[in-house]
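Asks: Build out the structure end to end from the sequences listed, making use of the hints.
Here are the chains, one letter per residue:
Number of protein chains: 2
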Amino acid sequence: MRPKIYLFGDSITQDSFTQDGWGASLAHHFSRTVDVVLRGYSGYNTRWALKVLERVFPATQGGVDDGGTDRAPLAVTVFFGANDACLPDRYGAFQHVPLHEYKQNLHSIVSFFRKQWPKSHILLITPPPIDEDARLKYPYSDNPQGLPERTNEAAGEYARSCIAVAEECGVPVIDLWSKMQQCPDWGKEYLCDGLHLTRSGNRVVFEEVITKLKDKGLSLESMPVDLPLFADIDPKDPLKAF
Amino acid sequence: MRPKIYLFGDSITQDSFTQDGWGASLAHHFSRTVDVVLRGYSGYNTRWALKVLERVFPATQGGVDDGGTDRAPLAVTVFFGANDACLPDRYGAFQHVPLHEYKQNLHSIVSFFRKQWPKSHILLITPPPIDEDARLKYPYSDNPQGLPERTNEAAGEYARSCIAVAEECGVPVIDLWSKMQQCPDWGKEYLCDGLHLTRSGNRVVFEEVITKLKDKGLSLESMPVDLPLFADIDPKDPLKAF
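In the order they appear, the protein sequences are chains A and B. So for the first sequence, the working numbering puts the first residue at 1; every next one is plus one. So for the second sequence, the working numbering puts the first residue at 1; every next one is plus one.
Please note that the accuracy of each hint is not assured.
Below, computed lysine-lysine pairings styled on DSSO-like, alpha-carbon distance capped at 27 Å [as the list claims (entries may be wrong)]: (1) B/K51 / A/K240; (2) B/K4 / A/K119; (3) B/K51 / A/K236; (4) B/K103 / A/K240; (5) A/K179 / A/K212; (6) A/K51 / B/K236; (7) A/K236 / B/K119; (8) B/K212 / B/K179; (9) B/K4 / A/K51; (10) A/K51 / B/K179; (11) A/K216 / A/K115; (12) A/K4 / B/K119; (13) A/K236 / B/K179; (14) B/K240 / A/K103; (15) B/K119 / B/K212; (16) A/K103 / B/K51; (17) A/K4 / B/K240; (18) A/K137 / B/K236; (19) A/K4 / B/K51.
From chain A, some residues computed to sit far from chain B (all C-beta separations above 10 Å) [stated by the list, open to error]: (20) P98; (21) L99; (22) H100; (23) F112; (24) K115; (25) S120; (26) C192.
Don't read these hints as lab results, they were simulated from the structure. Cβ coordinates follow ideal geometry from the N, Cα and C atoms, glycine included.
Replies: Right, here's the structure in full:
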């Protein structure tokens, strides 16, 4: 069995296999080495994620299966916060999670993975920045207030908390909120509705994930390839390779 | 554990998670219901596939795991023939497999899956048509003869054999060779180098696979969703859903 990388998160994870998504790009990048497994739950915040964690990753997935293969993944990405950061007095209030609880929930999620899979790498990803004009233009439900349900400032606070959790736990983190804003036209370049990712935005996440995994020694070069590569098969005696 | 669909084939399978590939589209389509698992081996023909079959799908993947979950997949796509159909007197000769052996190998692959996973659906896919002009323009290696290493006529013979095997075994088949040629500009519209798929070509395969799976009762509507969908969560009492 091939090793796995789990992608755990909200809609930005669930949708990561469409539009040249970062999940699909990871699956392609690792196409002969790793199974990239999608566990994205659109709309979910860390409070709901914590409620379902044991169902998403049951204990039988840890340990060793009857083929003697380690079931623990190489890595798991944890990408929540965009929904927690919904403002508590706007139409997305039911998704809002207070900042201190978000931090605590992220800690609990990291602890869960640490306990279940002591050797797996955990990679936190902050929420992306928010383009408020686009959020007004593409509301997800009735918006009688005429105010954005998410702001970039609030997303930034959750991003900084995510980074703080990563530091406290000693795990790597992608500061997507800051990274994306390095591009002057980030709102249009990286976001299609002020929150979700364009093809370019997906590219940024893919490249950041690849870089962070490489920092932990997880690169294509370091991993065993599943069966002989075409380039390594001798045209004069192909069957020798098998 | 979620049910699985395995994608088993050559480069057209291995590359199915890039460029809006048909594999990525399937993973997105089934993002909350099924794990789409990539088992594509670039350059492989059915002879080599048969050599590695037991390593790609070890017996421990059949049966029931210690969590009581059936490990057999819902379905497996078998998509070989583009390499078998390389002409025996051109530069791709070492990938060539004679037509009668191709048929026999496909039979053996279907039998293997039938034995390993009696309840899983097996879906054969014929090789795509070949645009010979494009194959001359984008050779995969030195081509001193100046002749295409694959022809559309030969691909058609392998496609018809694949259909014959499907009929003999009573399993569904996608006649990609014929389907694509229904489009007048199929060579440019569906193929990027006379063999591999463009975004439109990937779309055709995705839609055909979805249709064939639906014919067998495997549709989004028929499958249990992994955890409550956002639309089913009550904004007035979200935690009730968990």
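Asks: Work down the list of hints and note, for each, if the structure agrees.
Replies: Verification of the hints:
no. : hint            : in the structure
1   : B/K51 / A/K240  : 11 Å, holds
2   : B/K4 / A/K119   : 26 Å, holds
3   : B/K51 / A/K236  : 17 Å, holds
4   : B/K103 / A/K240 : 23 Å, holds
5   : A/K179 / A/K212 : 14 Å, holds
6   : A/K51 / B/K236  : 17 Å, holds
7   : A/K236 / B/K119 : 40 Å, violated
8   : B/K212 / B/K179 : 14 Å, holds
9   : B/K4 / A/K51    : 24 Å, holds
10  : A/K51 / B/K179  : 47 Å, violated
11  : A/K216 / A/K115 : 19 Å, holds
12  : A/K4 / B/K119   : 26 Å, holds
13  : A/K236 / B/K179 : 35 Å, violated
14  : B/K240 / A/K103 : 23 Å, holds
15  : B/K119 / B/K212 : 16 Å, holds
16  : A/K103 / B/K51  : 51 Å, violated
17  : A/K4 / B/K240   : 32 Å, violated
18  : A/K137 / B/K236 : 25 Å, holds
19  : A/K4 / B/K51    : 24 Å, holds
20  : P98             : 15 Å, holds
21  : L99             : 18 Å, holds
22  : H100            : 18 Å, holds
23  : F112            : 16 Å, holds
24  : K115            : 18 Å, holds
25  : S120            : 17 Å, holds
26  : C192            : 15 Å, holds
When held up to the earlier numbered hints, the structure conflicts with 7, 10, 13, 16, 17 and fits the remainder.
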